[in-house]
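Going line by line, the protein sequences match chains A and B. Heads up, the first sequence is in our numbering, so the first residue is 280 and it goes up one at a time. Heads up, the second sequence is in our numbering, so the first residue is 43 and it goes up one at a time.
Wrong hints could be hidden among the right ones.
[What the hints assert, rightly or not] Cβ pair distances, simulated, as ranges:
#1 A:Leu-359 x B:Ser-51: 24 to 30 Å
#2 A:Gly-327 x B:Arg-102: 46 to 52 Å
#3 A:Val-365 x B:His-49: 34 to 40 Å
#4 A:Ile-379 x B:Phe-91: 30 to 36 Å
#5 B:Leu-80 x A:Lys-352: 22 to 28 Å
#6 B:Glu-74 x A:Glu-298: 23 to 29 Å
[As the list claims (entries may be wrong)] Calculated pairs, SDA-like style, for lysine to any residue (alpha carbon to alpha carbon, straight line, at most 25 Å):
#7 A:Lys-421 x B:Leu-80
#8 A:Lys-352 x A:Ala-388
#9 A:Lys-420 x A:Thr-397
#10 A:Lys-324 x B:Val-76
#11 A:Lys-324 x B:Met-43
#12 A:Lys-324 x A:Thr-302
#13 A:Lys-352 x B:Ser-71
#14 A:Lys-352 x B:Leu-80
#15 A:Lys-420 x A:Ala-338
#16 A:Lys-324 x A:Ala-388
It should be emphasised that the hints constitute simulated quantities derived from the structure, not laboratory data. Heads up, the beta-carbon is just placed ideally off N, CA and C, and yes, glycines get one too.
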Amino acid sequence: MAKPTTDKSKNAATATEPEYPLTTMAVVAPLVGWLIPGGGHILLKRYGRGILLLVSVVAMFLIGLGMQGRIYKPNGGDILDILGFVGDVGSGVLYLLARIMDWGNVMAANATADYGKTFLIVAGLLNFIAAADAHHIALGKKP
Amino acid sequence: MTINLSHFSAAAVFALFASVVFGITQRNSTIEQVRYGLYCFALFVGGVFLAGWVMALIRR
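The following block holds chain A by itself, in its conformation from the complex (with noise of 0.2 Å):
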């Protein structure tokens, strides 16, 4: 059974948590990181991270376009549709540029196709962990 919190621990809780204030760049940094792979950590002047986020998260979606693989749209019907078209969705403008120019407009046809599909969605993913990762800096609970 859970111990029951009393007043005197959780104001000893709240005395020794620091406190982080939303500032503006801490939504607009992951903003710009979910847009632009690495464009967060950019912004916040982590040049090095960036750069590796950028690499990582554009190769990443560029080889699973590569491999065949499959671009997911927003009205898949299917909860597995709906699921990868999260994931697609975070890598920002390079979902953006797909839908526009039409890549990845293939059904998985071999298992290399099966294992683009993946790298896409995981790029997406990926790229959400980078977003929120900027917005941990821009609020200052992390160097």
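Following the hints, position chain B against chain A.
Here is chain B on its own, set in the frame of chain A:
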């Protein structure tokens, strides 16, 4: 342009890029990030070998 990667090379490329992102985002200092990135890469690639051996043993 079509890229044809084998299962292992696709897994190794995947491990490399995922490890870079994990290292950068999950640790604070540069040395910790490098260590954690290498740790994740080793786990990914080790997992591939382990899964490969398990599948090979099941197949027998």
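Check your understanding: Any hints this thing doesn't respect? Which numbers, in order?
Key -> 3, 4, 5, 9, 11, 13, 14, 15 and 16
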